[in-house]
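Student: Per my numbering, the sequence shown starts with residue 79, numbered consecutively.
I should point out that these hints are in silico values taken from the structure, not numbers from a laboratory.
There's no promise every hint is true.
[Claimed, not checked] Pairwise CB distance ranges, derived in the manner of DEER restraints:
1) K332 - R189: 23 to 31 Å
2) R189 - G253: 19 to 27 Å
3) P251 - R189: 20 to 28 Å
4) T193 - Q235: 24 to 32 Å
Note that CB positions come from ideal geometry on N, CA and C, so glycine has one too.
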Amino acid sequence: MSNHTFKSGFVSIIGRPNVGKSTFLNRVIGQKIAIMSDKPQTTRNKIQGVYTEDEAQIVFIDTPGIHKPKHKLGDFMMKVAQNTLKEVDLVLFMVNAAEGLGRGDEFIIERLKETKTPVFLVINKIDEIHPDELFTIITTYKDLYPFAEIIPISALQGNNVERLLEQIKKVLPEGPQYYPANQVTDHPERFIITELIREKVLHSTREEIPHSIAVVMDSMQKRDNGAIYVGATIIVERDSQKGIVIGKQGKMLKEVGRKARADIEALLGSRVFLELWVKVQKDWRNRSSHLRDYGFREDEY
Numbered sequence: 079m080s081n082h083t084f085k086s087g088f089v090s091i092i093g094r095p096n097v098g099k100s101t102f103l104n105r106v107i108g109q110k111i112a113i114m115s116d117k118p119q120t121t122r123n124k125i126q127g128v129y130t131e132d133e134a135q136i137v138f139i140d141t142p143g144i145h146k147p148k149h150k151l152g153d154f155m156m157k158v159a160q161n162t163l164k165e166v167d168l169v170l171f172m173v174n175a176a177e178g179l180g181r182g183d184e185f186i187i188e189r190l191k192e193t194k195t196p197v198f199l200v201i202n203k204i205d206e207i208h209p210d211e212l213f214t215i216i217t218t219y220k221d222l223y224p225f226a227e228i229i230p231i232s233a234l235q236g237n238n239v240e241r242l243l244e245q246i247k248k249v250l251p252e253g254p255q256y257y258p259a260n261q262v263t264d265h266p267e268r269f270i271i272t273e274l275i276r277e278k279v280l281h282s283t284r285e286e287i288p289h290s291i292a293v294v295m296d297s298m299q300k301r302d303n304g305a306i307y308v309g310a311t312i313i314v315e316r317d318s319q320k321g322i323v324i325g326k327q328g329k330m331l332k333e334v335g336r337k338a339r340a341d342i343e344a345l346l347g348s349r350v351f352l353e354l355w356v357k358v359q360k361d362w363r364n365r366s367s368h369l370r371d372y373g374f375r376e377d378e379y
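Please model the entire structure based on the sequences and the hints provided.
Tutor: Shown next, in the form of structure tokens:
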């Protein structure tokens with residue numbers, strides 16, 4: 079390490095659903111730790127991503143998209159997102175350049191007015207608009223809140239992401255290295271594996287399955303031949319959804335398993351044998367006991 083002081087801190091990424099928070103986090107960390115989908119409300123827990131270099135460590139917290147809750151799971155997700163505002167050194171408020179200011183953004187800005195934490199406005203998806211439109215977007219948001227910085231980026235293409243990281247490092251306090259340099263997340267591998275499986279279900283079933291699925295790890299063990307056996311259950315709310323996830327002659331479930339296995343093998347650096355089941359648990363998103371069983375524990379936040 080050089081003579082420079084070491085800077086570290088916690089940075090929360092908030093925004094409406096589907097503005098690209100997880101895409102940004104995966105871009106910065108350099109590998110997939112948050113699942114990505116073009117469907118809103120993909121992220122359900124706080125995903126901590128750790129970015130480390132010689133003179134700084136930034137711990138990013140990717141929160142669920144802030145939205146009006148429709149069930150107990152929604153309440154849980156909102157509580158997680160809002161609580162992180164109190165715990166961090168900097169807030170990144172991410173908006174979608176292609177969508178413009180919405181009621182959801184105004185709702186978040188009202189929450190931001192209650193915090194003393196500095197806030198950067200990050201205008202994402204600038205690759206989807208004409209450059210001339212950017213000035214109007216910046217002016218619109220600038221009139222609503224005194225942002226410490228306003229930085230346009232494309233998380234997908236990487237445009238301006240390095241500049242954003244430089245600005246973040248400028249505002250972080252001097253501090254310790256919280257995590258080892260080679261650690262990219264505080265979540266255990268089992269959690270990431272269930273998220274990768276859930277992502278593949280969302281991708282493969284498209285609009286037919288809403289966010290009424292959860293994935294539970296049943297077992298994970300190393301076999302004598304060096305391969306890792308993973309058994310997991312996909313939870314749905316209705317019998318019709320079970321049929322969709324399994325597909326005709328099991329075709330959909332096989333496809334989900336094939337794609338998930340490739341990602342899990344990349345994560346673990348080992349050959350993986352993946353076995354998946356599908357189970358119906360009616361109205362699980364509104365039942366506290368099921369939410370706890372599937373990893374959504376309010377007492378952790």
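Student: If you check the beta carbons of P251 and R189, does the distance land in 20 to 28 Å?
Tutor: holds, 23 Å
Student: Okay, K332 versus R189 on CB: inside 23 to 31 Å?
Tutor: violated, 43 Å
Student: Do the Cβ positions of R189 and G253 conform to the proposed distance bound of 19 to 27 Å?
Tutor: holds, 26 Å
Student: Does 24 to 32 Å hold as the CB distance between T193 and Q235, or does it fail?
Tutor: Given about 31 Å between the Cβ atoms, the range holds.
Checked against the numbered hints listed earlier, the structure breaks hint 1 alone; every other hint is satisfied.
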